[in-house]
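*Asks:* Generate coordinates for the entire structure from the input sequences, incorporating the hints supplied.
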Amino acid sequence: MENSEKIDWPKINQIIEKYNVNREALLMIMQDISDMYNYVPPEVIPVLVERLGVRKSLVYSVATFYKTISLEPRGKHIIKVCTGTACHVRGADKIMDALKEHLHIKEGETTDNLMFTLEAVRCIGCCASGPVMTVDQETHGGLDRATAVKIIEGHNKNVT
Amino acid sequence: MAKLENREALEELRNSLKIATQEKSKRLISLCAGSGCSAYGTAKVHKALKAELTKHGLQDDVEIKLTGCHGFCEKGPILVIQPEGILYPQVKEDHIPNIVEETIKNGNLVQSLLFKDPASKKKISHEHDVPFYKLQKRIILGNNGLIDPTSIEDYISVGGYSALVKALFDMTPEEIIDQVKKSGLRGRGGGGFPTGIKWETCARHDGDRYVICNADEGDPGAYMDRSLLEGNPHSILEGMIIGAIAVGSHEGYVYVRHEYPLAVKNLLFALQSARRLGLLGENILGSGFSFDVHISRGGGAFVCGESTALMTSLEGKPGRPRAKYIHTVEKGFRESPSLLNNVETWANVPVIINNGADWYASIGTERSKGTKIFSLVGKVVNTGLVEVPMGTSLRAIIYDIGGGIPKKKKFKAVQTGGPSGGCIPEQFLDMGVDFDELKKVGSIMGSGGMIVMDQDTCMVDVARYFLDFLKEESCGQCTPCREGIKHMLQVLTDICAGNGKEGDIELLEEIGDVVAKASLCGLGASAPNPVLTTIRYFRNEYESHIRDKKCPAGVCKPLFYYEIDAEKCTGCTLCALKCPQQAISGEKKKVHHLDREKCIKCGICYDSCKFDAIVIK
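Just so you know, the protein sequences line up as chains H and S, in that order. Positions in the first sequence are counted from 1; adding 32 to them yields the working numbering. Positions in the second sequence are counted from 1; adding 1430 to them yields the working numbering.
These are computed hints drawn from the structure, not numbers from a lab. Glycine residues also receive a C-beta, built at the ideal position from the N, C-alpha and C atoms. Careful: at least some of the hints might be erroneous.
To be verified - Pairs of lysine-lysine, DSBU-like flavour, derived with a Cα cap of 30 angstroms:
#1 S/K1916 <-> H/K182
#2 S/K1901 <-> H/K132
#3 S/K1916 <-> H/K112
To be verified - For each label pair, taking beta carbons as the anchor points, the in silico distance ranges come out as:
#4 S/K1477 <-> H/Y69: 27 to 35 angstroms
#5 S/L1488 <-> H/K182: 34 to 42 angstroms
#6 H/Y69 <-> S/Y1991: 45 to 53 angstroms
#7 S/M1861 <-> H/T96: 26 to 34 angstroms
#8 S/G1678 <-> H/D40: 52 to 60 angstroms
#9 S/Q1541 <-> H/E49: 34 to 42 angstroms
#10 S/A1473 <-> H/A178: 55 to 63 angstroms
#11 S/D1722 <-> H/E82: 25 to 33 angstroms
#12 S/K2047 <-> H/E133: 40 to 48 angstroms
As the list claims (entries may be wrong) - Okay, the calculated bits of chain S under chain H, using three or more residues with CB under 8 angstroms as the criterion:
#13 1467-1475
#14 1545-1559
#15 1650-1662
#16 1694-1707
#17 1741-1748
#18 1880-1887
*Replies:* Right, dumping it as structure tokens:
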């Protein structure tokens, strides 16, 4: 997202209106923007400042405080490996290691082709099916190293 | 459906719904669509089921109900055929033709698909006979398997909103508070503060009072709140409205995790349908009382589960806690008196109002009343949500309901209370679980996570894991929490890496003491718990790491290696085939050899060997 022409401004305005231009909804507005682009593009921030009548520092502090918001571009697919306690004792580390090796990235990083971002998440509440990961909106349970890699390969195939 | 103008209209609706259900008297298939079962493929099963019923022309005679979480998540997707209550666990698409043909059409059981009790090795056909359910008391979770969470009619037909009617028309706010006080209900979110006293104090302070539901379930390993929100959102809403009547509030908020999309969706739907029927909003059921609820989605910050942080977050700011010399019931959200309770606490309220405080107080122990939902996870056979009366023993929960430890491994500890809780060893298994007993052994109830650990879990690594979690989640405002946790984590990381030294244990205890005493909020105050309890009960494991440079559980990679036990190895070749590094060699039916130079200690051989021939050294 290099230039602001690519940003769907009417949609951004719609989101702000949906929350009644309420400054208390700043986090939710950014979450909705994040759902569109997988991150909050920096061009949006001055608009939030102006429309919501908040300080720029507040927008940045909210964006950096909460984990669901990223100011850096992320991959097309977001992989979240659950590292909650139940998954941890069932071997979540092994799943994370396997994916790191497969994608050649570290935790929190995005592949060079902007296809995948690999993140750790603390408990998504599917503890019975652990180890668990989510790829975008889909949850995959009962994983081992091989099945986890296979699921990612499946996503890669779908796009090429 | 039109707005209900008065209590009679609601009762009329309830009766007509009941009659309609009786008249239909058709078969009902309830399929769990909670997040756990969905991860195992509920959507595919649902599709296959619809198609198969249509194929047999049964689509009008058999109703499919997608329900919330049944709790038996280990065996998902769960399918129950009503009215008999026939249970088919772990259902897959290709099981469907068989189930429809045999059970639905011919009334026979499909033996091969029934639940097999791992303890007795017997097949069990009906849900109520499964030990996992049989030993529970499901006064809060019970309706989850019966109702479609997106149907307010379903909730009303099982008696929903009758407590609201009682609170609106038959009770004064004082009487409601009195009932909650007498019931002995204590906050289910962690602290265990008496709910009734909280309500009473809030009602006493003037201002625009707010009623808030804490649905920022952040404890890893606990998911009962998610299951209630997804499976029975109206019960929480009803509790909140009753709370609002009691303290005189007209606006409420549910602060729910963004990571729980289904919970957000079902809750939103519940709000809309309650407004449509006049059970929420202006002039509820013609009583003159008005109250509405908004949803606020959290941003994945664990500290926002703390009351003051949550309220700051609701105001659209970074959720940092503040010192609580003025309580939130006096000055909370928007500097106004705010009544905050956890999801499960709110869901208890209608049950108390309906059945009376005396009935409720007859369940549980002297100072902990009612039931508690535990999420039983980790190294246990039946993972899932377990609702039992307070005071039930750990042994009954883990062994009788949970089915014990899988793969004949040995129980080591159970961790309760989330990251700030403690690890309880075997010697306390017969302890009855309630707020006070858990505290006595150095742990806490927290929100009810119960993570079972076996011989393969390293307690030093567990302590390190929790501190790593808390280091990330500390908001960084106060020094003891920010720096103390970081330093404790450094010491633990060194111990796990084989760089531990004499005096480390004492150092951990000392820093832990300061962090607990000097931190600003509950996160820091309880952060040393996992370290201190593991030192208290598993000091020998710390000592093996520090002195012998050994990790007895085989978790801390620099501190152990795998070896093949020549006496036990049968030469089945399974480990050699599975090893990703080709580190294992050997001929068929001859003892294998493991090359330690090539081994990356991934543990695949250890997990796959059927003869326990791979040993940790």
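*Asks:* If a hint holds in the structure, say so; if it does not, say that too.
*Replies:* Comparing the hints with the structure gives:
Pair hint S/K1916 plus H/K182 does not hold up; C-alpha atoms about 36 angstroms apart against a cutoff of 30 angstroms. Between S/K1901 and H/K132, the direct Cα distance comes to roughly 23 angstroms. Compliance with the 30 angstroms bound is thereby established for this hinted pair. Restraint check: the Cα-Cα separation between S/K1916 and H/K112 comes to about 25 angstroms, which is no more than 30 angstroms; the hinted pair holds. Taking 27 to 35 angstroms as the suggested C-beta distance range, the pair S/K1477 and H/Y69 conforms, at roughly 32 angstroms.
Our hint of 34 to 42 angstroms for S/L1488 and H/K182 holds, since their Cβ atoms are close to 36 angstroms apart. Under the hint 45 to 53 angstroms, the C-beta atoms of H/Y69 and S/Y1991, about 47 angstroms apart, fit the expected range. In this structure, S/M1861 and H/T96 break the distance hint of 26 to 34 angstroms, their C-beta atoms being roughly 43 angstroms apart. Distance hint check: the CB atoms of S/G1678 and H/D40 are about 44 angstroms apart, inconsistent with the given range 52 to 60 angstroms.
About 58 angstroms separates the C-beta atoms of S/Q1541 and H/E49, a value inconsistent with the hinted range of 34 to 42 angstroms. The given range of 55 to 63 angstroms is broken by S/A1473 and H/A178, whose C-beta atoms sit roughly 24 angstroms from each other. Restraint check, S/D1722 to H/E82: a C-beta distance of roughly 30 angstroms satisfies the suggested window 25 to 33 angstroms. Between S/K2047 and H/E133 the C-beta distance comes to about 26 angstroms, which lies outside the given range of 40 to 48 angstroms.
Only residues whose beta carbon comes within less than 8 angstroms of a beta carbon in chain H count, and the segment 1467-1475 of chain S has 3; three or more means the coverage holds. With 0 residues carrying a beta carbon less than 8 angstroms from a beta carbon of chain H, the segment 1545-1559 of chain S misses the three-residue requirement, and the given coverage is violated. Under a criterion of three residues with beta carbons nearer than 8 angstroms to beta carbons of chain H, the stated coverage of the segment 1650-1662 of chain S is upheld, 6 such residues being counted. Here the segment 1694-1707 of chain S counts 0 residues with a CB under 8 angstroms from a CB of chain H, which misses the bar of 3, and the coverage is violated.
With 6 residues bearing a CB less than 8 angstroms from a CB of chain H, the segment 1741-1748 of chain S meets the requirement of three and the coverage assertion stands. Look at the segment 1880-1887 of chain S against chain H: 3 of its residues bring a Cβ nearer than 8 angstroms to a Cβ of that chain, three or more, so the hint holds.
Comparing the model with each numbered hint stated earlier shows that hints 1, 7, 8, 9, 10, 12, 14 and 16 do not hold.
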